[in-house]
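Please build the complete structure, drawing on both the sequences and the hints.
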Amino acid sequence: MSHCEPGSAPRSLAPGALHVALVGSPNAGKTTLFNSLTGMHAKTANYPGVTVTRREAIAMFGDLEVMVVDLPGTYGLAAISPDEQIVADSLEGVIEGVARPDALVMVADASTLERSLLFVAELLRLGLPACLVVTMIDEVAARGGSIDVERLGLAIGIPVVGVIGHRGVGLDSVRALLADPVSWQRPVMAPPEGAAARSAWVASVLAVAYRPPGADRRTRRIDAVLLHPVLGVVVFALVMLAFFQAIFTLAAPAADALDSLFGWLGDGVRDRVPGWLGEMLADGAIAGVGGVLVFLPQIILLFLILTLLEKVGYLSRAAFLADRLMGRFGMEGRSFVAMLSSFACAIPGILSARTIPSERRRIATMMAAPLMTCSARLPVFTLLISGFVPDRSVLGPIRSQGLVLLGLYVLGAVSGLLYAGVLSATALSGPAAPVVMELPPYRRPTLPAVLRQTWEGAWSFVRKAGSIILGSSLVLWVLLNVPGSTPPAGLTESQRAGHRLEHSAAGSVGKAMEPIFAPLGFEWRTNVALIGSLAAREVFVTTLALTTGNEDDSSLPDRLHELRNDDGTQVYDAATVAALLVFFVYALQCMSTVAVLRRETNSWRWPVIAFTSMFVLAYVGALVARVVVHVVT
Amino acid sequence: MAVGAAVVVRSVAPGEAGQGRRLEDLGVIAGTIVRVERRAPMGDPTIYEVRNARLAMRKADAALVQVEAWLEVPTAEAGGGGHVAL
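Order-wise, the sequence lines are chains U and E.
Sequential numbering of the first sequence, starting at 1, is according to the working numbering.
Sequential numbering of the second sequence, starting at 634, is according to the working numbering.
Keep in mind that the hints were calculated from the coordinates and are not lab data.
Backbone N, C-alpha and C define an ideal beta-carbon position, used for all residues, glycine too.
Hints are not guaranteed to be accurate.
Ranges of calculated distance between the beta carbons of each label pair, as one might list FRET restraints [stated by the list, open to error]:
1. U:186 - E:703: 44 to 50 Å
2. U:620 - E:646: 44 to 50 Å
3. U:169 - E:646: 55 to 61 Å
4. E:646 - U:462: 33 to 39 Å
5. E:646 - U:608: 35 to 41 Å
6. U:394 - E:646: 53 to 59 Å
Just a few of them, taken from the derived set where beta-carbon distance is under 7 Å, the chain U residues facing chain E [to be verified]:
7. 114
8. 212
9. 320
10. 434
11. 451
Below, the structure is given as structure tokens:
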């Protein structure tokens with residue numbers, strides 16, 4: 001393996017390790033097999049130039065050190081998505097810096113062998129040493145079928161092992177095979193090429209070793225309810241409701257606790273470390289780290305729920321039910337899952353769009369994701385709604401404040417769908433890859449698998465968003481504190497802070513922005529907070545608290561109420577608040593999202609289009625809101 | 634095709650974005666039996682049973698597949714023994 005990348009850690013640990021790739025279709029049990037073969041030592045890395053993740057781990061089988069790579073699931077080597085292209089390219093050995101595998105472990109679900117062996121036929125033509133692991137063999141027997149792995153091996157001419165992943169059956173045989181890939185039997189003749197010939201080959205191989213299982217009655221019975229035209233839609237709505245309920249009510253207390261913890265930590269550091277260093281540590285670094293971690297409870301819960309729904313098999317049903325609706329707006333069923341994730345945070349939403357094969361539908365989905373109301377907007381909405389919208393009953397228990405919040409969510413979601421629709425009718429062209437989704441049988445997920453996937457999702461969020469949120473928090477701190485000015489004597493602590501801020505770089509920028517934002521009613525304090533929100537939207541609240549500091553240290557909403565323009569009129573009147581709310585619905589003021597869009601689309605084109613078009617939407621929308629409220633009141 | 638119908642695939646057109654090849658990789662190949670299992674609440678996509686797996690497919694993609702009736706499940710369209718789209 002002379003062409004190994006020197007910088008890639010796992011390979012430099014074991015320069016001589018044999019390189020074995022796991023290949024198979026989605027839902028075949030590939031990842032479960034990978035986890036049981038490699039234990040907890042897997043590393044995830046990106047393929048050079050693209051954002052497809054590969055999981056790899058070094059493991060010992062007998063005396064042999066083997067690097068096992070878990071390739072993304074695919075149905076064939078004719079790729080239709082970036083994930084699948086990676087599989088084809090790595091098996092051809094054409095990815096720079098990534099060695100071609102020395103051997104293949106093909107993974108196939110026993111209940112769908114008539115389909116999976118078509119892929120096996122294609123893989124065997126690559127000429128690499130290969131073995132076949134048939135998973136979930138217990139399901140075949142349970143549904144009245146039978147499989148004889150030995151005869152199957154004889155018929156194909158390669159080693160074949162049957163496993164039951166969650167019970168560990170057959171894993172020792174796989175390990176024994178991996179200890180000596182050189183000795184694997186090779187087929188006398190490669191399977192034929194072409195669909196019809198492959199199909200005939202599969203039929204001849206299975207004739208001697210396999211009786212297909214009968215219908216999966218349990219899955220059919222569950223689907224009769226979950227995909228029912230009426231009941232299915234009701235259950236779908238209930239699942240969504242539970243999803244939002246969990247994301248907002250279960251995660252919120254944990255997020256608040258983390259928020260106060262970091263506030264407390266910051267105060268402690270400010271008290272103990274003197275001068276600007278203490279302030280930078282407290283208001284820049286600690287506040288920055290806190291700004292990332294505050295999202296974690298929601299992100300973990302989001303990934304936990306999505307992983308559970310995926311592993312049980314419901315996520316593909318949800319995609320099936322939503323496909324028609326999403327199709328009207330140039331997207332597909334799987335876009336729905338991305339949109340759903342985006343209500344917690346656009347970043348996991350954009351990342352989950354990777355599974356959408358069609359490029360134009362994938363881009364439409366990623367571009368619409370930031371318009372879903374993410375959890376970072378919630379503190380801003382909460383501040384403005386609780387401070388300025390009178391709380392009164394509209395209809396029984398339905399109250400005005402909740403109604404306004406719901407309205408903002410609906411505005412964002414509807415705008416996102418329309419945005420994707422307009423985009424795919426104008427900027428996106430070309431034929432679209434097919435929408436074909438497999439609906440796997442309902443299965444009971446195992447706890448370790450669920451926890452593992454949840455952890456990996458949450459960790460990838462911390463890595464992707466963390467550095468950017470932390471970096472922008474530090475830059476923001478510098479902007480807010482440089483140049484340091486000396487406030488006149490006789491001011492209270494918060495007045496001094498306000499004075500320093502007004503004369504800082506950020507204060508100057510905020511004032512320079514006034515001509516642009518004056519039509520919306522935003523003056524320099526709001527503008528500085530808008531700059532702050534570029535790190536993460538909820539920083540708007542803390543920055544506004546800094547810029548509006550006054551002598552009696554009253555609460556933030558009270559301070560906003562008292563804020564006056566030079567001519568004595570109220571700064572935060574109803575029209576300005578409405579403008580600000582609408583501005584936050586549309587504006588893409590989140591650097592992490594911009595960065596992830598850049599990485600996932602591999603160009604600056606889409607993040608630039610998203611940022612500018614959403615700014616225009618935000619500005620025009622805010623202006624309309626302001627004018628309308630002016631006219632009405 | 635009516636829900637419940639079982640048909641046999643005659644041919645798969647290539648499509649302009651590689652759809653045909655993907656359908657073949659999923660097992661929709663001439664000679665394969667396909668059962669129409671269920672439609673989504675709004676009529677599209679449809680779930681088909683192919684080679685013991687269940688695939689949801691949009692009308693637009695299924696139109697690439699030419700089929701004829703199989704066994705005793707006659708449908709109005711395929712009754713005459715002609716080929717129709719899935």
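Here's how the hints hold up against the structure:
| no. | hint | result |
| --- | --- | --- |
| 1 | U:186 - E:703: 44 to 50 Å | 38 Å, violated |
| 2 | U:620 - E:646: 44 to 50 Å | 45 Å, holds |
| 3 | U:169 - E:646: 55 to 61 Å | 43 Å, violated |
| 4 | E:646 - U:462: 33 to 39 Å | 47 Å, violated |
| 5 | E:646 - U:608: 35 to 41 Å | 39 Å, holds |
| 6 | U:394 - E:646: 53 to 59 Å | 56 Å, holds |
| 7 | 114 | 4 Å, holds |
| 8 | 212 | 5 Å, holds |
| 9 | 320 | 5 Å, holds |
| 10 | 434 | 4 Å, holds |
| 11 | 451 | 28 Å, violated |
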